[in-house]
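Model the full assembly from the supplied sequences, consistent with the hints where possible.
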Amino acid sequence: QKEVEQNSGPLSVPEGAIASLNCTYSDRVSQSFFWYRQYSGKSPELIMSIYSNGDKEDGRFTAQLNKASQYVSLLIRDSQPSDSATYLCAVEGNAGNNRKLIWGLGTSLAVNP
Amino acid sequence: DVKVTQSSRYLVKRTGEKVFLECVQDMDHENMFWYRQDPGLGLRLIYFSYDVKMKEKGDIPEGYSVSREKKERFSLILESASTNQTSMYLCASRQGGGSGLETQYFGPGTRLLVL
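Read top to bottom, the protein sequences are chains A and B.
Under the numbering used here, the first residue of the first sequence carries the number 1, and numbering increases by one thereafter.
Under the numbering used here, the first residue of the second sequence carries the number 1001, and numbering increases by one thereafter.
These are calculated hints, taken from the structure and not from any lab test.
Each residue gets a CB set at the ideal place from its N, CA and C atoms; glycine is no exception.
Among the hints, erroneous ones may be present.
Stated by the list, open to error - Below, a list of computed lysine-lysine pairs in the DSBU-like style, where the Cα atoms sit at most 30 Å apart:
1. B/K1057 <-> A/K42
2. B/K1053 <-> A/K2
3. B/K1018 <-> B/K1053
4. B/K1055 <-> B/K1070
5. A/K56 <-> A/K2
6. A/K42 <-> B/K1055
7. B/K1071 <-> B/K1057
8. A/K42 <-> B/K1071
9. B/K1055 <-> B/K1018
10. B/K1013 <-> A/K42
11. B/K1057 <-> A/K67
12. B/K1055 <-> A/K2
13. A/K42 <-> B/K1070
14. B/K1013 <-> B/K1053
15. B/K1003 <-> A/K56
16. A/K2 <-> B/K1071
17. B/K1003 <-> A/K42
18. B/K1018 <-> A/K42
19. B/K1057 <-> A/K2
20. A/K56 <-> A/K67
21. A/K2 <-> A/K67
22. B/K1053 <-> B/K1003
As the list claims (entries may be wrong) - Derived CB-CB ranges, DEER-like:
23. B/V1012 <-> A/G54: 43 to 53 Å
24. A/E15 <-> B/M1054: 40 to 50 Å
25. B/I1060 <-> A/A17: 36 to 46 Å
26. A/N53 <-> B/L1113: 43 to 53 Å
27. B/L1011 <-> A/A17: 34 to 44 Å
28. A/V29 <-> B/D1059: 17 to 27 Å
29. A/G54 <-> B/P1108: 27 to 37 Å
30. B/E1056 <-> A/D27: 10 to 20 Å
Structure (C-alpha cells):
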C-alpha cells in the first residue's frame, strides 16, 4: 500500500515566523510532489509542485524534496494569519496516462497574530 | 481561468434515495476524479475516469457508481443513499499524458447529508 504521511498538527506559529510542514512517502519510484492548501469548508488549491531534488521557491513558499530520504517539505516564510489552513501533501502514484495522486491526511496550521 | 463546477453545494436526501452528483470541467482534461472527505480520514478516492466511458475503482467504490458519457462531465451516483454516505464530495480533473507535474483542479464540493 503506497502511503503518504504527514503530522496532523495542529502546528501553531506566531505571525512572521517560518512554518515548516513535512511529508514522507513510501513509494520510491514517485516522481512528482504537490502541496495543496485547504481552508475550512473549501476545496484544496495548489500551492507548489516539485519534481527535482532540492529547493523550489515561489514567493513566501519553498518546497524541498529529498528523494533519497523520501521526504518533501513546505516552508512558509513570514507566516500570516491568512496562511491558517490545512496543508495537504500529494504524491503522484501511477505512471502513464491515468495518473492518480496519493494524498496525506494533511497538517493543520494556525498562525497566531 | 480553469473551472470545475459541481451541480450542488449542499444536498439533503433520505435514506434509500438515488442521488446524482454532477461535475463539469472546461479544461478538456482526460482525467476526472470523485473523492469524499471526512474529518480525520482525509481525501479518499471513490472512482476516477481517464477517458470517456472509461472508469476505474478507487479506494472506496462500494455503494457508488459513475458515468462519463462526455469528456467534460463526470457523474457520481449513489444507488441507494445511506447515512454513512453523509460527507463532503469533491470532484477534480487533471490533464493526462504529460510530465507528471500537471495540476489537479478541484470543484467547490458538495456537502451531502443523508437522513
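Against the earlier hints, flag every one the structure doesn't satisfy and list their numbers going up. none
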